[in-house]
Amino acid sequence: MEILQKIFKDKFAKSAFIVLAFLYLIILFADFIAPYSSTYSNRDMSYAPPSKIYTITEEGKWSLPYTYNYIREYEPALMQTIYKQDRSKKYYIKPFVKGEKYKLLGIIPCDRHLFGVRNGGYIYPLGTDINGRDVFSRLLFGGRISMTIGFLSLFIVFPIGLLYGGISGYFGGILDTIMMRFAEAIMAIPSFYLLIILAAILPSGMTSIQRFCLIVVILALIGWAGFARVVRGMVLSIKNEEFVQAEKTMGASNLRIILKHILPQTTSYVIIAMTLSVPSYILAESGLSFLGLGIQQPDASWGNMLKEAQEFTNILYRPWLLTPGFLIFIAVLSFNLLGDAIRDFLDPKSQSK
Amino acid sequence: MKKALHIIFILCIVVVFGMLVIKKDTPENAFSENYLTETENITYPAQNKNITLDGVDYLQSQAPVGKFGGELVISTIGEGPKTFNPCNTKDATSSSMAGILYDGLLTTDARTGEVIPQLAKSFEIKGTDYIITLRKGLKWTDGVPITADDVIYTYKDIVFKGLGNTSARDSMMVRGKLPELVKIDDYTVKFTTPEPFAPFLRQLTYPIVPKHYFKPHSDQGDSVFGAFLNPNTPPTQIVSNGAFKLKEYVAAQRVVFERNPDYYKVNLKNEKLPYLDKLVYLIVGDTNNEILKFEAKEVDVLGLRGSNVARYKLKEPTSDYKIYNLGPDTGTLFLVINLNNRKNAEGKYYVSPVKQKWFRNRNFRNAVDWAVDRKGMVKNIAQGVAAPLFTAESMNSIYLNKSIKGHPQDKNVSKEFLNKAGFYLKNGILYDKDGNRVEFDLYTNAGSLDRESIGVMIKQDLEDLGMKVNFKPIEFNSLVNKLSNTNDWDMVIIGLTGSPLEPHDGKNVWTSSGPLHLFNQRPQNYKNDDRYSWEVELDNIFEEGALKLSFKERKPIYDRYQQIIYEEKPIIYLYSPTRITAIRKRFKNIFPSALSGLVYNLEEIYVGDDEEKTSLGGAK
Amino acid sequence: MEFWRYVAKRILQTIPLLIIVSLISFFIIRLSPIDPLAELKLNPSISQETLDKEIKRLNLDKPIYVQYFSWAKSFVKGDLGYTSAGEKVSSKLKERIPNTLLLTLVVIFMTWSVGIPLGIAAAYKKESSFDRMLTVIASIGMAIPSFFFAILMLIFAVKTSWFPVGGLTSYNFNDMSLLGKVIDISKHLILPSLVLFTISLSGLQRQMRANMLEVMDSDYIKFARAKGVSEFKVVFKHALRNAVNPMITLLGFEFAGLLSGAALTEYVFQYPGLGRLILEAVMKSDINLVMASLMMGTIMLIAGNLIADILLMITDPRLRTKG
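Those protein sequence lines, which keep their order, are chains X, E and D. Reminder that position 268 of the first sequence reads as 268 in my numbering, one-by-one numbering, no gaps. Reminder that position 608 of the second sequence reads as 961 in my numbering, one-by-one numbering, no gaps. Reminder that position 300 of the third sequence reads as 1273 in my numbering, one-by-one numbering, no gaps.
Think about it this way: if two alpha-carbon atoms lie no more than 27 Å apart in a straight line, the pair counts; the simulated DSS-like pairs of lysine-lysine are:
no., chain 1, residue 1, chain 2, residue 2
1, D, 1014, E, 701
2, E, 779, X, 101
3, D, 1200, D, 1099
4, X, 103, E, 821
5, E, 376, X, 89
6, D, 1035, E, 696
7, D, 1098, X, 14
8, D, 1026, E, 514
9, X, 101, E, 821
10, D, 1014, E, 835
11, E, 696, D, 1014
12, E, 835, D, 1026
Now the stretches of chain X that chain E is said to cover, found in silico as 3 or more residues with beta-carbon under 8 Å:
no., stretch
13, 73-87
14, 295-302
Partial selection, computed: residues in chain D whose CB lies under 7 Å from chain X:
no., residue
15, 990
16, 998
17, 1001
18, 1002
19, 1112
20, 1116
21, 1118
22, 1121
23, 1124
24, 1237
25, 1251
26, 1255
27, 1271
It should be emphasised that the hints constitute simulated quantities derived from the structure, not laboratory data. Quick reminder that beta carbons are idealized off the backbone N, C-alpha and C, glycines included.
Taking the hints into account, I'd like the entire structure generated from these sequences.
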């Protein structure tokens, strides 16, 4: 709580915190906020531009927000697909419209969406992708994967790293040497290649959820060694402190000492490392997706959506496809700023990267 | 002061937000300009002629006379050539590079697809005898004359012995027997095939290599020969006979060729070709990079696809390039279904018996076929620059069975087929007649936007029928491992390259024992005869088709094979992209060909005057 | 004498490390379902016989441990073997190493000459708005996915035509004068090094800031200040020397880190460096090439650390006795 108070005193940390809280809130309620599901697709609207929303009519009068549908035409001489507005019918944007069924928070069955249009209209606030899927909706669903993948990996990295580093540092001697040589070997393999090799090994018969989990595990597998080493260093210095020695003479078990006394001392480092390493996982996922090894279609992640955007003509003519890149940027930036601030509060002299 | 700043900041946000929300409805000026691209009539030059000057048998190009000098920069996607040894190439880039360096006895006419003389002055077929007469006075780049000995060496010591890539030997075998080859005199050789064998003539396009340069290496066996002429060979050492010789190879960046001053082709003024001083291949990693390089004018030729076409088409009138439509692509893109009913070495079925019952049922495959939305794929994924495909031969194949018309997507037909096969729907879920839920995996190679999007469409369409499709894009090399080794897949979306001229090249795919018989892959040396009757028929067709010599006799045979595939649907063809290629206007003697593309006649292409491109109305 | 014994000990220590690294990577790669011959197998015109020949040549028909030992045997002998396409691994690496070194050195030079002063300045004006701005700017550089930044840079190059689109040299490089060659290479280097610079700048700046803060807080700096030494002298003579020492250790890591961190950037820019080579090799499971590069990366990492330690011993006499 103290940390929170401090965060709110700092301008950058405050805005970063608010942005992140906002992002997580949105992805939590993605089903409700998104007008469509992540699998919805409209075959006739591939690469449709964002729907234009109007609040002043042609005659210059105020109106409730409305939009028009697009009609796709093909120009054979130019081999070009053109989208025109179908101005014959206005579709008013209504709150809480009925749409595809979903389960709110995974439990409550529901079919209302935050906003939408009725009677055969469509609304694509950020246009559509090649399969005619709503980019806005997929961004929200993709955020679920991209924004949680890092945290989930950390939940694997930290127990392993803490335990490994703790044991190695506490017992020392030959065990320490062997364990550290192994960790160093893992660190010596350039992590990016290790990541690629591991991602390519993934058994191909997996469902998308399994694949997601395994990518989490892989990201964790390359992260733990460095973390374990730092923990070991900290344990080495803590274990010689008086209270630990005292506990030892009182006959406490080794495990108890590690878990109860030594590891809690590393908390502040853990918190810093956590906030500072989440962004690297988000970036790693996008890098994997760029190579076609990350989260796969038809699931959305910001990384695989950005991959679609990177073609030259898409960047020039379909800028709405770049929005996942923008969100990655915002999320990573916020995590970095927040992590920096937290580090300053907890441990101003820290040299952790 | 600080408060004031805060208020201004908040006001700014409100204004920006307001501007986003409040928007006046004004009709857009819809793009309505009419671009009518002039269709230029291209007059193709007549066939090359033989002409003898000072005792040298030249080949005379009939294309308009051009200017000497200049350079052409082309791109090649991938990692660049792996070898310059034409007898050891195993990938497309290497063989096209080696193909520039080494000419064969015969070659393929770029437009008609006929086999025409190249290093050979003429050829004559008498039954199973092929008598080839070489041009006189031709030289290797080191000045040594090209004679019948080189031909004999190339075929007897390399091809027939199976050095390097043995695929050529494989294609020349007729029922396990190789043709005979004898030297008649220094400039004449005779091949004799054990039986009449139609594809044989085309095999004589195999590059001829210099005996005096290759022999010391080929004599040391396959491993030495395999490393011979690797990309690090100093370019000046390479002895070749093609229109261009190697000047420079820079790893992962480019291959530069320079004019061979001693080439045997001349223009109408009897000046020695080629025109270009330099031919540069830039090695680019992917299409995106290629496009950027074209935009930056670093590359002169660009293959366009799908959504890119519109941009270049639109800008063409004001640009320095011209766009050619080369018609359908030579490759095929398809959905293949695994009909395998065998067990692997551990006694486990490759495909579970429940699924076997579905996949081996023709009605099921028909249902899948009718549910596939080819039109949607063409519209969305290829952005209209493609055509639906229904045949096993690519659409520009001269053996295309035009009577196969295809059909539109119709899920009701699919449902009928499923009913016929005993499948039934319950609560929107499809079950087979034994009550098993229909669920299977659909693979494709990850990283290809096109194929992933196709997969998403097929998944949706099949799920509309009540099936459950687990769509799984996986890494390309792992996918091929599945297809060719482990066989544990249900359906795969993938493409194959093909030859528009010789259907027999597809024998590895269509014959039941072929190494690429994807849909019913048998292990090597498989003894059991568990072929479908139509697989037997395919085997016969590929044997019979090769033994017939004339196009007229062969056409109905290969029509039949396409008909069988269309009826049995082990492979469901999807669409065929249209090849659109852009090239800078300053290059002349460009004769687009549906079979060979745009820049196949490298020796005839020249750089025209720069004025010509700007003076639009000027008389020639 | 003491010194050489230390170096020898360090070098001996790397042997078990190399063995573990090679074992881990070899088995992971070989257990993956990637087929190194995929492209050949999917080519309808390649005969079964050619395939069999290739399988035999690449030892794919033997059990994994046999493959490993035959690899290890030739590696110890100094033979790196052939790639799956049949080229010599050693010559492939030889082509690429100078390019990678060039890029790495340029990037390290850029980050150090900008990152260190910025780090000092930020530490000196600790918690001022200047310090905060620097942090934010550095964080921005770190927040863009490298490949995406690289693509945007390429499009920038196309639109302005100020820079060439990727690669290292123009196609007519060999016909240029010496000066022309230098200009050509520098033009090609600007964008990729800018991307890598942006990404690695913030880490360095932060590290320097942290070091500097720690040193400035130490007793002897306080003492120097109390003695009335000029502020300039305090910062540049006393604090800086001690703050830079730990950075030298970092240099070793950075050197090896750029090897892998640059892979995507090299790939997008089509830069003919090691990163791209390894990336392509890994994707195709080209085992000899991957193993050779990983081994080299490890050796480079160890060498970098060793050099950094030796440098430290030279610059910091206190450490000399510790060994």
